[in-house]
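What follows is each chain in one-letter form.
2 protein chains.
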Amino acid sequence: MPEHRNTFAGNPLDREAARRRDEEWVGTQLRDASAEFLPLRSLTFPMRQVDGGMRLAWSRLPVGADIDRHPALLLGTSNGAARFAINEAAAPGQFELSDDASFMDLRAAAPVLDGDDAGIAAQARAFLDWHERHQFCAVCGAPTEAVQGGISRKCRSCPAEHFPRTDPVVITVVIDTERDRCLLGRQASWPAGMFSALAGFIDHGESIEDAVRREVAEESGIDAVNVRYHSSQPWPFPSSLMIGCHADAGSADINYDEWEMDDVRWFTRDEIRDSLEQPAAQLGQPGLPEGALSLPGPMAIAHTLITAWADGTA
Amino acid sequence: MPEHRNTFAGNPLDREAARRRDEEWVGTQLRDASAEFLPLRSLTFPMRQVDGGMRLAWSRLPVGADIDRHPALLLGTSNGAARFAINEAAAPGQFELSDDASFMDLRAAAPVLDGDDAGIAAQARAFLDWHERHQFCAVCGAPTEAVQGGISRKCRSCPAEHFPRTDPVVITVVIDTERDRCLLGRQASWPAGMFSALAGFIDHGESIEDAVRREVAEESGIDAVNVRYHSSQPWPFPSSLMIGCHADAGSADINYDEWEMDDVRWFTRDEIRDSLEQPAAQLGQPGLPEGALSLPGPMAIAHTLITAWADGTA
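Those sequence lines, one after another, are chains A and B.
Numbering follows my numbering, with no gaps: position 31 of the first sequence is 31.
Numbering follows my numbering, with no gaps: position 74 of the second sequence is 388.
Do not rely on the hints blindly, as some may be mistaken.
With a cut-off of at most 20 Å between alpha-carbon atoms, the simulated DMTMM-like pairs for lysine to aspartate or glutamate come out as follows [stated by the list, open to error]:
1. B:Lys-468 / A:Asp-167
2. B:Lys-468 / A:Glu-132
3. A:Lys-154 / B:Glu-446
4. A:Lys-154 / B:Asp-481
In short, the hints are calculated from the structure, not lab data.
Construct the complete structure from the given sequences, taking the supplied hints into account.
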C-alpha cells in the first residue's frame, strides 16, 4: 500500500539535528540576513492568500533588532536559510506584517493552506506551545531555559533536561465485514449528526494494538481484533501524533459509557458513501437535512480511514 | 500478518478508565482486603522464582496501615481486585517482602519474567517514574498532586492538569532488496560487536513515516523509502513507545555523524542468520569471537524486526 500523506505530515524543512547542537551556529543563523521568522500571536499564524490558497507569511528581522533576549525557536533550514518561530508577544514591535497578511487559526486555515506550509505550521505550533507551558522544571519547580534553538529546556537549579512532548493517540475504524458496516461514535460537544472514528491517548505501558483494543472497548463495548496500521498524522492541538488503524469487530453489541460518548453506531457502506459525497456534510456545516450523517473533513485522519474503508482499501 | 506481541505488550489488567474517575471508588479499592500492592524500590521490582521463571511478588496492606498519605497509583483491576504500584520509600515499613522475594531490575529480569507480569511492570515503572519526576507544575512552578489514582496531576496553584507522557520512538530496519542485505548501526557505549536497528524519538510535527526518513538519513545518510509498520512495544526506560518499521533503501552510500553513531554497516542475510543462531551473541554476552556480530536479544523489538527480515517476512 503506498504511503498516505495526511494533512500536517511531510514538513520539508531540514531540522538540523547535528548542527543545532552548536549554540554558536544557532546564534549565527539568528543574525544571518537570510533567516526568516514566523511570529505567532496567541498560537495563530501570519498567512496570506496566494493563487486561491493560503501560504505562511514569513518576516525578516529588522536591522539592529535586539534578538538575544527573544526565545526564538529554530524550526530548521530551507535551502540553507534558517527558519525560526517566535512568540510575537516576546518581541513586541520587531516584526511587521505586510499589508496582505493576517493572523489565522491553524485548524480553520489548514484545509486551504499549502501542504508543505501546513507541516511547518504543525511543527511550529506544537513546539512554541510546549515551550510556553514549560517555563518551570517539573522535577524541582525552578525556572528552565531553552537550549540549542529550543531542542530542550534545561533547569537552572537541578540537572534535569526536558524535551518537547508528543502524545501518541490511536484512532480506529472498526469494520464488521460480514454485515458490511463500520463503527463510528460521537461526543456530546460535536455538531448534530457528526460521527467519527473512535480515538484515545495511548497509555503508559501499552502497545498501539493494546491501546486500540482498550479504547474501542471503553468507547463502544466492541471487541477489536486483527488491528492493522494504516497511516499517521501530526495533530498539533496541542501535540498529538495520530496513529490511524483499522480493526475487525469480534462482537456486535454496542455498549458505551454515557460520560464519554454521546452515541455510537454501526453505519452501512451506503450511509458512509452518501455522506462522503456531500462536501457540506464533511465540513460539519449547518444546513444539512435533519438526521443526516456528517463526517470529518479531509484534513482529519479519520476521513482518511473512513474513506479507505468505503473505497474497499482498508 | 498476525500481530506480533513484543515483550512488555499485552498487559492483562483492566485500567478502569470509567470507575477511576470517582475518587471515592479509588479510596474504597485502596482499603479493600483484596487489593494488592507492588512496592517499587528505586524503580526495581519485588519478584520471586516460580517454575524456573520469575513472577511479580505482590503485597497486601497490613491492617491499620496509614495509606491515606501514600501516593498509591492505581494500575487497574484483575478479576475485580485492585492492583496498585507504590514507591516503597513513601510507605516505609508498610510492606513486608516474603522470604523468597527480592528486588530486581526490570530490564535485567524481563527475559525470564512472565509475559503478563512484564506488561504490568512496564506500566508500573513508566507510571511511577513519571509521578516521581513531576512533583511540580511546568506552567507555574507550584507543587502538584496526583488525582484519580494517578491518572493525572493537578497544580495546587494554577488550573493546569498534567498527564503522564509516553514518548513515541521510531525504530527501523532498512532493507537493500537487490543485494539482500540490511542496515544496522551501533553507538560507542554498546558492547563490542553489538549492532541494532536505527532509532530515534519522533519530533513534534512529524508523522511516523517522516520520522523514519529523518532518523535513517541522520544516522546513516541512506534514503529510506516505502516505510512499512511492523509492530510496537512499550519500553518503560523511562517511557517510550517503540514503533517498529521496515523500509527499503533508496540509496547505498553510508554517511553518518560520528557524534551520534560509532559505526553503521550493511549486513548480509547470512551474517544476520549466523548471529541469530548463537544465543550468546543475542544477549551481548562476553566471550564472543573477535569481530563477531552481536544483535539485541528477543526482549527488544529490534530483534523482532531483524528476525522478520532474516525469515523473509519483512
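Checked hints:
1. B:Lys-468 / A:Asp-167: Status holds; Cα separation ~18 Å.
2. B:Lys-468 / A:Glu-132: Between Lys-468 (chain B) and Glu-132 (chain A) the Cα gap is close to 18 Å, so the pair holds against 20 Å.
3. A:Lys-154 / B:Glu-446: holds (18 Å)
4. A:Lys-154 / B:Asp-481: holds (18 Å)
The structure fails none of the hints (numbered hints given earlier).
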